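Taken in order, these protein sequences are the chains called Z and S. Heads up, the first sequence is in this note's numbering, so the first residue is 1 and it goes up one at a time. Heads up, the second sequence is in this note's numbering, so the first residue is 1001 and it goes up one at a time.
Don't read these hints as lab results, they were simulated from the structure. You may find that some hints are simply not true.
[Stated by the list, open to error] Using 20 Å as the maximum straight-line C-alpha spacing, the simulated DMTMM-like pairs for lysine to aspartate or glutamate come out as follows: (1) Z:76 x S:1102; (2) Z:11 x S:1073; (3) Z:11 x Z:82.
[Stated by the list, open to error] Footprint (simulated), chain S over chain Z, 3 or more residues, beta carbon under 8 Å: (4) 21-27; (5) 36-50; (6) 53-59; (7) 74-87.
Computed from a prediction, not measured in an experiment: that's the story for all the values here. Cβ atoms here follow ideal geometry from the backbone N, Cα and C, with glycine treated the same way.
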Amino acid sequence: MTSSHDPQLLKGVLSLLLLHLLAEQESYGYEVAQRLQAAGFADVLEGTVYPALARLEREGRLATRLVASSSGPARKYYRLTEAGHEALAAGAAGWSRHVAGVDAVLSRPLPITPQRKGS
Amino acid sequence: MQHTVTWLDRLRIERVVWSLDQRLYDLPSRTRVARRREVRVNLLAAAAEVGAAEAVQRLGDARALAEEYLAAELGDGPRHSWTAALVFLFGTPLLLNFFLSEATNAYQQALTAPGGHADGAYSWNGVTWLQNPLDFVVHQGQVTHTGGAWSPLVYVLLLVGAVACGRLWRALPRRRSPRPTASADGLGG
């Protein structure tokens, strides 16, 4: 994993990553951000993750519940809804197609010397 | 490494939460309170782990975070603003009252100016469209007046102006364009 990612690319897949992490395990906001960072996305700020979770919740892909915490106020845990699981499956399939398409182009051999116009 | 969250850390976190909260007034009250609580809890958890300074830093700019939250909750694109509507609704009367009172004072000063009018009752129609007529009574150089209330048109203009300033029609339930479904490139995140 690289230490930094293209923000635009990351923005496109952040929801997919969050859905997958939450499908693995129900988590609260800071925990999700930590798991994301542990997965190699160390440059993703918490301030990016929390609104993304809010958006997924508004879209009905995440459900929440409050869980009492021994170290402070109750934490809001997110888990996938049925729509969330469907979105994850569709998103993962889409991402695979995307990667395959990009790989197919990038794996083409390049000419050894750069071609010049008119030469 | 676990950090002890001191009162100073809590104050620092509260400042960030307050700063965020002030920018979320366009959200429904319940949602705003829920977001505020969630951010506070997350910041406390982060502060216990990495320290308050680092936790606050990793949250990023409160203004940008608020904008992200507003977009997440209300959707991208143009939105209504309760704040703008309220600023108009409460700000305009202050300016209008100042303007009307200056006009009344001018009329009153004309009545009491040296060589001006004698004792008696005078009537002025007020500022056209905006004000009801005013009645002035001059007695031994002292002027009292009654009337001058806002006309019904002012109330209409206040209402229309507040709606226009806040773009409040966008707050009405409406037929939204379908939300992006899970696509090949992610989820429209």
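Verification of the hints:
1. Under the criterion of a C-alpha separation no larger than 20 Å, the hint pairing residue 76 of chain Z with residue 1102 of chain S is inconsistent with the structure, at around 55 Å.
2. Pair hint residue 11 of chain Z plus residue 1073 of chain S holds up; C-alpha atoms about 17 Å apart against a cutoff of 20 Å.
3. Among the hinted pairs, residue 11 of chain Z with residue 82 of chain Z is inconsistent with the structure: their alpha-carbon atoms are about 23 Å apart, more than 20 Å.
4. For a cut-off of 8 Å, the count of residues in the stretch 21-27 of chain Z with a CB near a CB of chain S stands at 0, and the three-residue condition is violated.
5. Under the rule that three or more residues need a Cβ within less than 8 Å of chain S, the assignment of the stretch 36-50 of chain Z holds, with 5 such residues.
6. Check on the stretch 53-59 of chain Z: 5 of its residues sit with their Cβ under 8 Å from a Cβ of chain S, so the three-residue criterion for coverage holds.
7. For the stretch 74-87 of chain Z, the assignment as covered by chain S holds, since 5 residues bring a beta-carbon within under 8 Å of that chain's beta-carbons and 3 suffice.
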